[in-house]
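Enquirer: Each chain, letter by letter, is given below.
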Amino acid sequence: MNENQLRDMIDRATRGPAPTSNLGDVQSRGRRLRIRRYVAAVISGALLLLLLTASLGLLLPLVRDSSQPAQEQPPNSALVMCEGDQTRVMTPEVRPQPDGVHITVDNASDQDLAFIVSGVGAENAPTGTGDTVWALAPGPVDVACHDPDRDAGDAEFARLTIVDPEHLWTPSTLGCASPGGVGMEGARVGDVDVDPLQIAREHLVGIAPTDRLDAAGYPAASTRQVVVVRDDQVIASVSFEASSGSWYLTSLESCPGIDIRWEP
Amino acid sequence: MELTVGGRSQEFQDLYEREFETVFRACLLVAGNPTEAEDAVQEAFARALVRWNRLADRPYIVGWIVTTAVNIARRALRKTKKSEASSRESLNPDVEAAIDVRQAIRSLPARQAQAVILHYLLDLPLREVAYSMNCSEGAVKAHLSRARGKLVVLIGGVTEE
Numbered sequence: 139m140n141e142n143q144l145r146d147m148i149d150r151a152t153r154g155p156a157p158t159s160n161l162g163d164v165q166s167r168g169r170r171l172r173i174r175r176y177v178a179a180v181i182s183g184a185l186l187l188l189l190l191t192a193s194l195g196l197l198l199p200l201v202r203d204s205s206q207p208a209q210e211q212p213p214n215s216a217l218v219m220c221e222g223d224q225t226r227v228m229t230p231e232v233r234p235q236p237d238g239v240h241i242t243v244d245n246a247s248d249q250d251l252a253f254i255v256s257g258v259g260a261e262n263a264p265t266g267t268g269d270t271v272w273a274l275a276p277g278p279v280d281v282a283c284h285d286p287d288r289d290a291g292d293a294e295f296a297r298l299t300i301v302d303p304e305h306l307w308t309p310s311t312l313g314c315a316s317p318g319g320v321g322m323e324g325a326r327v328g329d330v331d332v333d334p335l336q337i338a339r340e341h342l343v344g345i346a347p348t349d350r351l352d353a354a355g356y357p358a359a360s361t362r363q364v365v366v367v368r369d370d371q372v373i374a375s376v377s378f379e380a381s382s383g384s385w386y387l388t389s390l391e392s393c394p395g396i397d398i399r400w401e402p
Numbered sequence: 002m003e004l005t006v007g008g009r010s011q012e013f014q015d016l017y018e019r020e021f022e023t024v025f026r027a028c029l030l031v032a033g034n035p036t037e038a039e040d041a042v043q044e045a046f047a048r049a050l051v052r053w054n055r056l057a058d059r060p061y062i063v064g065w066i067v068t069t070a071v072n073i074a075r076r077a078l079r080k081t082k083k084s085e086a087s088s089r090e091s092l093n094p095d096v097e098a099a100i101d102v103r104q105a106i107r108s109l110p111a112r113q114a115q116a117v118i119l120h121y122l123l124d125l126p127l128r129e130v131a132y133s134m135n136c137s138e139g140a141v142k143a144h145l146s147r148a149r150g151k152l153v154v155l156i157g158g159v160t161e162e
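Protein chains in written order, with this note's numbering: chain A, 139 to 402; chain B, 2 to 162.
Everything labelled a hint here was simulated from the structure, so no lab data went into it.
Any given hint could be a false lead.
[Unchecked claim] One side only, chain A facing chain B, incomplete, derived with CB under 8 Å:
{"#": "1", "residue": "149"}
{"#": "2", "residue": "151"}
{"#": "3", "residue": "160"}
{"#": "4", "residue": "168"}
{"#": "5", "residue": "260"}
{"#": "6", "residue": "264"}
{"#": "7", "residue": "339"}
{"#": "8", "residue": "389"}
Quick reminder that beta carbons are idealized off the backbone N, C-alpha and C, glycines included.
Generate the whole structure from the sequences, applying the supplied hints.
Expert: Structure below.
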């Protein structure tokens, strides 16, 4: 039996009538999920406030004294400890490097975990220590160590803040309320030694003569973005991912009414 | 559809209607019964709906939904410890074969089962499977290789092409 026959066996094992889809049920479940998360967030916030109040006291000034010495710069690599499903961010603030935000994940548990950056993605976190690099915009992110066999929605997140005093990050957020986008199925678009900006200039159509193309994100990251700027507003964004010596196109976003397309 | 923002509700609705049966079939491989499979499908789509603003532009979104649904189904099966065929004396050979395949896949470790479902049932290319599973293509190949080795023993006679 070859692999095609295995496919057939698996396919036959799932044949038969399927139930009728029920979008209303999905919506009801979604509402319940939202409520549970909101309640959990409120409780977590209240507990955190209680903890802060107890440890700092009610008489601490709310505004920092300007005569205090300047804060040391945050480290350029964050350290996150995974202890089972508990996540401890040992470096609450981190500076990015030119290729992105470096996070060292120390998995001291006895099982391989996943390291999740909320809203971005996840990496494997096997037992031991591993370094990961992320294209994260300055500001707060929530991270978690998590058992990959469990639903990521159950993860308990901890806060990490990216501080970018050297302005390495170029914003890529579109300047419109409801951007539309398509996944580009990972098409190979060029060798990794070619600047994605050049690749974008060669393949994007619908660019006006006065439009400007800028590299966004971190200047040396493995995931790059190129944005189209019109009248000082980002109207489109193209994402590339490097793998095995090539750039692969991963997504194209644009503002409503903007007809910018990718031509192979 | 009040849970989505910015007029993208039609995208979600189209995705749901288009992929419901595919995700159900994937869950059928790991769930205890069709009812649990359907429950896992609905729960996975609900979670996607809550996160739709972040997920909508993600490549290979179906892989994310299938992986989530399969995990939910596996967890439910562990809790209930049900078996779909407590008595197989009167089952016809085709149904028995289907049960054998499903039980074999259920017995695989989670990551191997995910890889098998995404690659062999959904026919996703390795790159897409890797993205959905948040791992490298090499890791996917390793999962598939180990899974095939176990399936040879469990359901018999699978060889490389």
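Enquirer: Confirm or reject each hint.
Expert: Hint check results:
| no. | hint | verdict |
| --- | --- | --- |
| 1 | 149 | holds, 7 Å |
| 2 | 151 | holds, 4 Å |
| 3 | 160 | holds, 7 Å |
| 4 | 168 | holds, 4 Å |
| 5 | 260 | holds, 4 Å |
| 6 | 264 | violated, 11 Å |
| 7 | 339 | violated, 22 Å |
| 8 | 389 | holds, 6 Å |
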